[in-house]
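Let chain S serve as the given structure and place chain W on it in line with the hints.
Number of protein chains: 2
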Amino acid sequence: MSFIRNILKNSRSGKDGNFFLELQQILGFKPKKKHYYIKAFTHRSMNLRDKKGNPINYERLEFVGDAMLSSVIASYLYNQVPHGDEGYLTKMRSKVVSREHLNELGKELNLIDLVNSRIPKNNFGNNIHGNLFEALVGAIYLDKGYKICERFIYNRIIDPHVDIERLEGKVISYKSLLIEWCQKEKKTFNYDVYEDTGKDALKHFSVKLSIADKVVSKGRATSKKKAEEIASKRAFFAFQGKMSRHLY
Amino acid sequence: MSFIRNILKNSRSGKDGNFFLELQQILGFKPKKKHYYIKAFTHRSMNLRDKKGNPINYERLEFVGDAMLSSVIASYLYNQVPHGDEGYLTKMRSKVVSREHLNELGKELNLIDLVNSRIPKNNFGNNIHGNLFEALVGAIYLDKGYKICERFIYNRIIDPHVDIERLEGKVISYKSLLIEWCQKEKKTFNYDVYEDTGKDALKHFSVKLSIADKVVSKGRATSKKKAEEIASKRAFFAFQGKMSRHLY
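These protein sequence lines are chains S and W, in that order.
For the first sequence, our numbering assigns the number 1 to the initial residue and increments by one for each residue that follows.
For the second sequence, our numbering assigns the number 1001 to the initial residue and increments by one for each residue that follows.
Extracted from the complex, chain S is given alone in its bound form (with noise of 0.2 Å):
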């Protein structure tokens, strides 16, 4: 445990110093056994090993995330999806943890900034961003357990991304449904944007769905086009009867 506060110590102070203060606003809450979380973020060119001699990388991590993300995505499309068969779950699931997916996630919570690495960021292939995503999960299960890493795919993948009608190549966009749906029904529609990073650590956007002149929804993410999309799919579900015959 001492190597591991040296490690603390030397590689994740100075430029690094607000690194638990980055990592707990993407986690939402206060990491316990934090050296996992140290791996998760120590990439292979640091050729740091522990005192047997095994090394210290998050490459063993993504191990353990890849089979939690599994584990509660598929337990997510059982309750969900109760008409699919298992090779049709099996579908699902694989779009939902596809490498592109993942890939996007890690993007997102912009986990490249946290690596600890001696290769330069940009010389980093795409997959980074999804393997490090992986790791982070495997260390908050280690770190907490099932209970708390499954909270954090919820909160991370599933409410924000996954739904079954998206998955089901039904919707493509809830934006342009939530438009045709106001245009044929002849009401006003108005998507107020604004930037609301608050005590993130990553810039954010909030949005206000109104729907004739009325706020409907509110979406808040990374990027104005994802928090339209939130915003619109609050309000697609809140009016689900409605729309939803322009599904089908």
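Source of the hints: derived by calculation from the structure; they are not laboratory data.
Be aware that one or more of the hints could be misleading.
Residues of chain W clear of chain S, computed beta-carbon distances all greater than 12 Å [claimed, not checked]:
(1) Phe1020
(2) Lys1034
(3) Asn1122
(4) Asp1163
(5) Val1216
(6) Thr1222
Examples of chain W residues toward chain S, derived with CB under 8 Å [said to hold, decoys possible]:
(7) Ser1075
(8) Tyr1078
(9) Leu1089
Every value quoted in this text rests on a predicted model; they were computed, and no experiment measured them.
Note that the Cβ used here is the ideal one computed from N, Cα and C, for glycine as well.
Relative to chain S, chain W alone:
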């Protein structure tokens, strides 16, 4: 739920009347959300459907159970094999959750005796044993959550069947290792095996392993051979320092 109660009444009564009793002995706890276990032991040949027309059988539960097995084994291996990289851990896990191994586990628990099916039991292929085992794990997770599911996997797989030396191909049989060691050290040994089914639904055997006329460990399992292997493994870990020189 009344539908499930009907299934419970009709297809799990009579000769299946002791379904939940037998199940409880396998689980080591009292099932709560019983409908999951009914599903876990309903074969598709029963053609059961819920009110919405979704099929009731164990296939979707296999998807959940498979994911839970992967997660629990992943975090076990992460902790137990600190020297193993991601690829190595993946390889080790696939040995533990191989189709063959899962079939063995399902067979050992006689899960097929609990299955509700229109197909005669000897017409099933070998994979039904593993499929039922996976579905049962899925049902446990959905009924009781991750912690209890993890404990079941430890009790039924990891503790009795998984050890790293063996997975790494270093130990083929603890019994042969133990005998070899006793012979070299000129110590007498004795496996005292007796039937010990007790209140279990399945026949069980217990064994007391004595070295130099002193009982050093015990084992209990559904076959004599397995009980001896468990006792030998326990003796091995008790004498680890002394015996492990034989390993390398």
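**Message:** Of all the hints numbered above, which does this structure not satisfy? Sort the numbers upward.
**Reply:** Of the numbered hints, all hold.
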